[in-house]
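*Asks:* One line per chain: the protein sequences are A and B, in this order.
Sequential numbering from 1 applies to the first sequence in the working numbering.
Sequential numbering from 1 applies to the second sequence in the working numbering.
Please keep in mind that the hints were generated in silico from the structure rather than gathered at the bench.
Since this is a predicted model, take the numbers as computed values, not measurements.
The beta-carbon is built from N, C-alpha and C at its ideal position, and this holds for glycine as well.
Errors might be hidden in some of the hints.
Result set (SDA-like, lysine to any residue): computed pairs, CA atoms no more than 25 Å apart in a straight line [stated by the list, open to error]:
no.: 1; chain 1: A; residue 1: Lys586; chain 2: B; residue 2: Gly548
no.: 2; chain 1: A; residue 1: Lys586; chain 2: B; residue 2: Gln617
no.: 3; chain 1: A; residue 1: Lys324; chain 2: B; residue 2: Arg276
no.: 4; chain 1: B; residue 1: Lys640; chain 2: A; residue 2: Gly587
no.: 5; chain 1: B; residue 1: Lys21; chain 2: A; residue 2: Ala385
no.: 6; chain 1: A; residue 1: Lys586; chain 2: B; residue 2: Pro526
no.: 7; chain 1: B; residue 1: Lys394; chain 2: A; residue 2: Ser175
no.: 8; chain 1: A; residue 1: Lys539; chain 2: B; residue 2: Gln498
no.: 9; chain 1: B; residue 1: Lys467; chain 2: B; residue 2: Gly690
no.: 10; chain 1: A; residue 1: Lys546; chain 2: A; residue 2: Ile611
no.: 11; chain 1: A; residue 1: Lys586; chain 2: B; residue 2: Ser175
no.: 12; chain 1: B; residue 1: Lys586; chain 2: B; residue 2: Ser630
no.: 13; chain 1: A; residue 1: Lys586; chain 2: B; residue 2: Asp355
no.: 14; chain 1: B; residue 1: Lys406; chain 2: B; residue 2: Ser457
no.: 15; chain 1: B; residue 1: Lys24; chain 2: A; residue 2: Pro585
no.: 16; chain 1: B; residue 1: Lys586; chain 2: A; residue 2: Lys394
no.: 17; chain 1: A; residue 1: Lys103; chain 2: B; residue 2: Asp355
no.: 18; chain 1: A; residue 1: Lys394; chain 2: A; residue 2: Gly587
no.: 19; chain 1: A; residue 1: Lys427; chain 2: B; residue 2: Gln617
Using C-beta positions, here's what the derived DEER-type ranges look like [stated by the list, open to error]:
no.: 20; chain 1: A; residue 1: Glu633; chain 2: B; residue 2: Glu388; range: 50 to 60 Å
no.: 21; chain 1: A; residue 1: Arg327; chain 2: B; residue 2: Thr108; range: 50 to 60 Å
no.: 22; chain 1: A; residue 1: Gly552; chain 2: B; residue 2: Pro574; range: 46 to 56 Å
no.: 23; chain 1: B; residue 1: Glu388; chain 2: A; residue 2: Asp219; range: 35 to 45 Å
no.: 24; chain 1: B; residue 1: Gly417; chain 2: A; residue 2: Glu416; range: 18 to 28 Å
no.: 25; chain 1: A; residue 1: Tyr525; chain 2: B; residue 2: Gly524; range: 22 to 32 Å
no.: 26; chain 1: B; residue 1: Gly417; chain 2: A; residue 2: Arg404; range: 31 to 41 Å
no.: 27; chain 1: B; residue 1: Ser522; chain 2: A; residue 2: Asp541; range: 36 to 46 Å
no.: 28; chain 1: A; residue 1: Leu152; chain 2: B; residue 2: Pro294; range: 53 to 63 Å
Number of protein chains: 2
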Amino acid sequence: MNDLQDLFNPKSVAVIGASNKAGKIGYSIMENIRQSGYSGSVYPVNPREKEILGYRSFQAMPDISKPIDVAVVSVPAQLTIEVARQCGQAGVKYLVVVSSGFKEIGNTGLKREKELLAVCKEFKMRMVGPNVVGIMDTHSPLNASFAPGFPLQGEIAFISQSGAMLLAIFDWSRSVGLGFSRFISMGNKADLNETDFIWTAAQDPKTRVILCYIEDVVDGQRFLKVITEASRRKPVIILKSGASSAGARAASSHTGALAGSDLAYDTAFRQCGVIRAENMSDLFDLAVAFVNQPIPAGRNVAIVTNSGGPGIIATDSVEKYNLKMARFGKDTIEKMRVALPDEANLYNPVDVIGDARTDRYVAALDAVLDDENTDSALVLLSPAAVTEPEETAKAIVAIQQKHRQKPVFSAYMGGEGLAEGTRILTKGGIPCFTFPEPALKAISGMVNYSALHKQLSDKQNFAERTKVDQKSVKAVLYDALKDRRLVLLGNEATQVAQAYEIPAAPVHLASDAKEAEILAESLGYPVVLKIASPKIIHKSDVGGVKIGLENGRQVAKAFDSIMESVRHFMPATPIYGIEVQKMMPKGHELIIGMSRDVQFGPLLAFGLGGIYVNLLQDVSFRLAEGLTTSQIEEMITETKANTLIRGYRGSEPADIGTLVSTIAQVARLSLDFPEITELDLNPVVAYPDGAVALDVKITVSYGDNQEECLP
Amino acid sequence: MNDLQDLFNPKSVAVIGASNKAGKIGYSIMENIRQSGYSGSVYPVNPREKEILGYRSFQAMPDISKPIDVAVVSVPAQLTIEVARQCGQAGVKYLVVVSSGFKEIGNTGLKREKELLAVCKEFKMRMVGPNVVGIMDTHSPLNASFAPGFPLQGEIAFISQSGAMLLAIFDWSRSVGLGFSRFISMGNKADLNETDFIWTAAQDPKTRVILCYIEDVVDGQRFLKVITEASRRKPVIILKSGASSAGARAASSHTGALAGSDLAYDTAFRQCGVIRAENMSDLFDLAVAFVNQPIPAGRNVAIVTNSGGPGIIATDSVEKYNLKMARFGKDTIEKMRVALPDEANLYNPVDVIGDARTDRYVAALDAVLDDENTDSALVLLSPAAVTEPEETAKAIVAIQQKHRQKPVFSAYMGGEGLAEGTRILTKGGIPCFTFPEPALKAISGMVNYSALHKQLSDKQNFAERTKVDQKSVKAVLYDALKDRRLVLLGNEATQVAQAYEIPAAPVHLASDAKEAEILAESLGYPVVLKIASPKIIHKSDVGGVKIGLENGRQVAKAFDSIMESVRHFMPATPIYGIEVQKMMPKGHELIIGMSRDVQFGPLLAFGLGGIYVNLLQDVSFRLAEGLTTSQIEEMITETKANTLIRGYRGSEPADIGTLVSTIAQVARLSLDFPEITELDLNPVVAYPDGAVALDVKITVSYGDNQEECLP
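All chains should be modelled from the sequences, with the hints used to inform the complete structure.
*Replies:* Structure follows, in structure tokens:
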């Protein structure tokens, strides 16, 4: 994939719609390019001007007749197609289309956007936008945007789908003194999108942390592959909004109903190593942490404070954010005992007491950072009579230099009196907050990244080790397609499962009571009878299931009773017959399922099953794409069901290996057959040796006329 | 209860340990009293001075010979007892003991603190502290503290257990311009504590919001009664730390194990209407909201923004904080359609588009606030070329004046360019944030307070309507006490339950297989056999339960099998015999339990029961003290079990009335018998008509030698 090197560090930039009139966007862009210190060639294009801001202006693109890497387009929307064509003919590599009037204004704009994209594709140009603020690279340097100024130089790349958000952050960042490597406005993402920009930032040596604000992901499958690789290189932190607007997805399976609209994003981000920020503050707190501090080796935090209350509050946050209070070794305690007064608390949180000057902070912080049990440190300071906020700040910065591999954070709790100390800390790279909580949230984010990062190095994909019989699946799907059925019959679904070595109890379809009796005799008692109808999803709810049938008489009676009950509840429903299944011994009831996400493909579920699955909602999720065996194992561990199957209160542990391979095979089946939209194995009964799905439900789609056939 | 009027607005103040030396605490206190503009009499006491800061200084207390309301004590700890005695003899009403060297330094200090308290009690003096910064009242005005200055005047009372926290907030509040009515440092809380100070602030006409930082509550039962009343008058917001340090409580019951160390506080706060702040930022965000804005009538929020991204982010937060997006009426939409450009989004979030000046904000905000479906509004502003942050700020303030009953919040997203606008908003009482999320969190906190407040008006206590037979309970407890048993036998526990009309299935104790058979015959089959031993809590885990026994032979066999299994697992355990119980029909398995909290008394639990109770952890909690019927109903509604018992997937609804009365009776039993420390009804099987506890476990304590007898 392209590293977009010529986009961010072009040899030449044309500005189409450049202007000499202050206040015009075409003027701001020119002014920004000039003021940013851009050293390449600049070609303003404006038929009515001879010169713009000291640059020779051209009538039109063909007049330039020099190689052009980037063309920034700021002309009325209806002119952009023709401009793009001229750019293509002139050999332009990248278009940055600032103009608005595209997808965001509705159908007319969408049509225009498609035409514009077609021209770009025709000439193999790549496009940023349309409808963007522009792009900035503080190291090239290049400011090809209409933002009011240039960001401070730094190592954070900020990529935003919202131009307003970009401008707001731009304004805010300058007032708090935060530096950036790149600001990228993605606009409508007609061509280049988050995946491209994150990837190119991952390759940019001047970028150490990648921040991203998005409202959606354009190509989920590509995102998963590429961003996994990007996250291996540097932290990718994303604020994804729109969780509330997506609404619940239509779903006819348990798994589908459990997988909320935002869940696939959550799962995708975690699976490819992305840290998901909860809000704007967290996004930047994390960025500041990653840019300035090393990643902690573990969860153990040491706290040094000059007062008890804030120490307790910080300790609470340590627990809240899944960190641990470091337990110091004897040496550390002894070192502090010598240096600190008797009343000091030498255990974590270390309290150097209200009358502490800088020397006590130095002794304590140095000692705890020396301790191998400390992975990170947080220094708290409250103003008291003898407190030395500035001297202490300088000392903290110096001590951290001595312990470069361990991150140090601070909370200076107070106002004006501590402002200079805060400034010294911030300048020295020690993130400083007013209250302790956000510091610990940031440390926790770093530790979580570290855990995700380790996971990414485990590349062992489950799929290599399994057997599949695609032919049998196709045969079943062919029958269903012929009838245009969207829900497979029980015996069909079971065949599909078995073709992928997914253990499923065989079912046989009986069309009358006599046939059911004969099937039961051949299977052996006890048996279960279940209604077979493409429209009935919750079979128990309509009296469609009878269990524990011990003989032919009971089977015949159950057959009639089910028919009567189902006819009563759902008189107009088509019924294919009644399925006869051998009754399996009792065991832990689990669910394994799949629901296909529009963006990210098959989303797998595992958890407590049975009829209470929706009530208990004890389910964990993973995307099938790129899934590894250890991720499947982790997926199982996250559930309460895990406690049960590991041997709960005297019961024998279940066969975890079979569960792992079953999940892996469901993943493989889902990846191999995109036409399978939903799959529920519920319950899967887990035994000490093996597991078996008692009910397999598979929903398919043929990509046309689905509405007519949907159950 | 005392309103402490003479403490916060005294006619005279003595300062014992007053000093003329700058830097001394006794000097700071004198300086603060003088500079605060205190208008009463001031009597410095210092044997070596004639005059201090212009006030005549006294050799000792007896020399003053005038009535003294408050004596501030700042002398070495060892002298405080004698000083207190002199104060008592001089008729001082309140001591404010600034001196440290008490409980906080260990046993010597604790002894001293007790002596000091005894002297106060002897003379009927009330004490603040010891180990405090002091107290401040900006309206009296009086600054009887050693804080570096006086807070800005306002309507927030801040009560802090930590002096350092108080000083930190003091410093911070001055730099952000936040005003206070009172600052109270509680120190060691030997006498006056949070309950007293919250109550007096609730009565103070100059205080509108009460903020409190505490690490513990001194007297839980009194806190519950008094703070419930305080919350009825004004918002009480508490940050309680120390959740992590308390550790898990020792517990031998399911309920005890489920009730975490911090849970009783959470429950207590909610039950008496207190808003619990998650952290320092929330504490003050809420305070600012309550002081400046009216309480919203409901959850419907209107959002007005000049850019899409922030609007989406705010919409996400609306959902996250359990608020709702207001749905505007046709009139509102029409009003906005006339005033706003075509591209504007007229539905919530209202987007007035990036080129909006003040007029569009005015039109939109006025329209949405006029709408009866809007309960509160949030205005978002991102900087763009034509944005008018200051003009818009003024307009927002003016519009809110027009709609005084609806709160308005703002988020000005940016930096320096928006600082003046932010200042105008803050000054005008419109809380202004950098990002939208904390604004919505504050609105949510206000709405939650409103809901809690409504609940407090429902005073109907369950206890009036129920019958109890205390004699039978005492008879059972007497037998247990004689044997010094801490866990009642099954049949004893059942008798206790039945005495309080708690429905429990009768159990009978059999000492051999023959007796079990005879009991089973008399009860009727099928029956259940359960091991009876004071040491066995999880009976199933050791093979101590056999169910569904259909005849005498099965009973005899089960008896022997249980004995063998229990002897195998727990060879040294005392066994009282085996309990025989009639087997009850199947139904929803629930748990109702009680675990006695050290601070707040009986803590009741309700949820999904059976053997998976600890695994599923679907349990809600309430304190028995002051519990109302509607709180019990709410308690049931909070659980997943609620879905089940209301009739889940075709099953008949359970008898909720019986569950409510059973919980009420458990509450009553627990309040009547403090010696009952834990109680588990698990499972309680709920039927469409009635419910029955199959297993009743009651643990008692006799207040002495408990360790020896504990199971």
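*Asks:* Lying within 31 to 41 Å: is that true of the beta-carbon distance Gly417 (chain B) to Arg404 (chain A)?
*Replies:* holds (37 Å)
*Asks:* Look at the Cβ atoms of Glu633 (chain A) and Glu388 (chain B) and judge whether their distance stays inside 50 to 60 Å.
*Replies:* holds (57 Å)
*Asks:* Between Lys586 (chain A) and Pro526 (chain B), does the CA-CA distance stay at or below 25 Å?
*Replies:* holds (22 Å)
*Asks:* Could one say that the CB atoms of Leu152 (chain A) and Pro294 (chain B) fall in the range 53 to 63 Å?
*Replies:* For Pro294 (chain B) against Leu152 (chain A), whose Cβ atoms are near 41 Å apart, the range 53 to 63 Å is violated.
*Asks:* Can you let me know if the beta-carbon spacing of Ser522 (chain B) and Asp541 (chain A) is within 36 to 46 Å?
*Replies:* holds (40 Å)
*Asks:* Is it true that the CA of Lys586 (chain A) sits at most 25 Å from the CA of Gly548 (chain B)?
*Replies:* holds (17 Å)
*Asks:* Checking one constraint from the list: CA of Lys394 (chain A) to CA of Gly587 (chain A), max 25 Å. Satisfied?
*Replies:* violated (63 Å)
*Asks:* Does the structure keep Lys586 (chain B) and Ser630 (chain B) at a Cα separation of 25 Å or less?
*Replies:* violated (28 Å)
*Asks:* Within 25 Å, alpha carbon to alpha carbon, are Lys640 (chain B) and Gly587 (chain A)?
*Replies:* At roughly 23 Å apart (the allowed maximum being 25 Å), Gly587 (chain A) and Lys640 (chain B) satisfy the hint.
*Asks:* Does Arg276 (chain B) lie within 25 Å of Lys324 (chain A) when you go C-alpha to C-alpha?
*Replies:* holds (24 Å)
*Asks:* Taking the beta carbons of Gly552 (chain A) and Pro574 (chain B), is their distance inside 46 to 56 Å?
*Replies:* holds (52 Å)
*Asks:* Run the distance test for Lys586 (chain A) versus Ser175 (chain B): straight-line Cα separation, threshold 25 Å.
*Replies:* Violated. Lys586 (chain A) to Ser175 (chain B) sits at ~67 Å, over the 25 Å cutoff.
Hint check: violations occur at hints 8, 11, 12, 13, 15, 16, 18, 19, 21 and 28; the rest are consistent with the structure.
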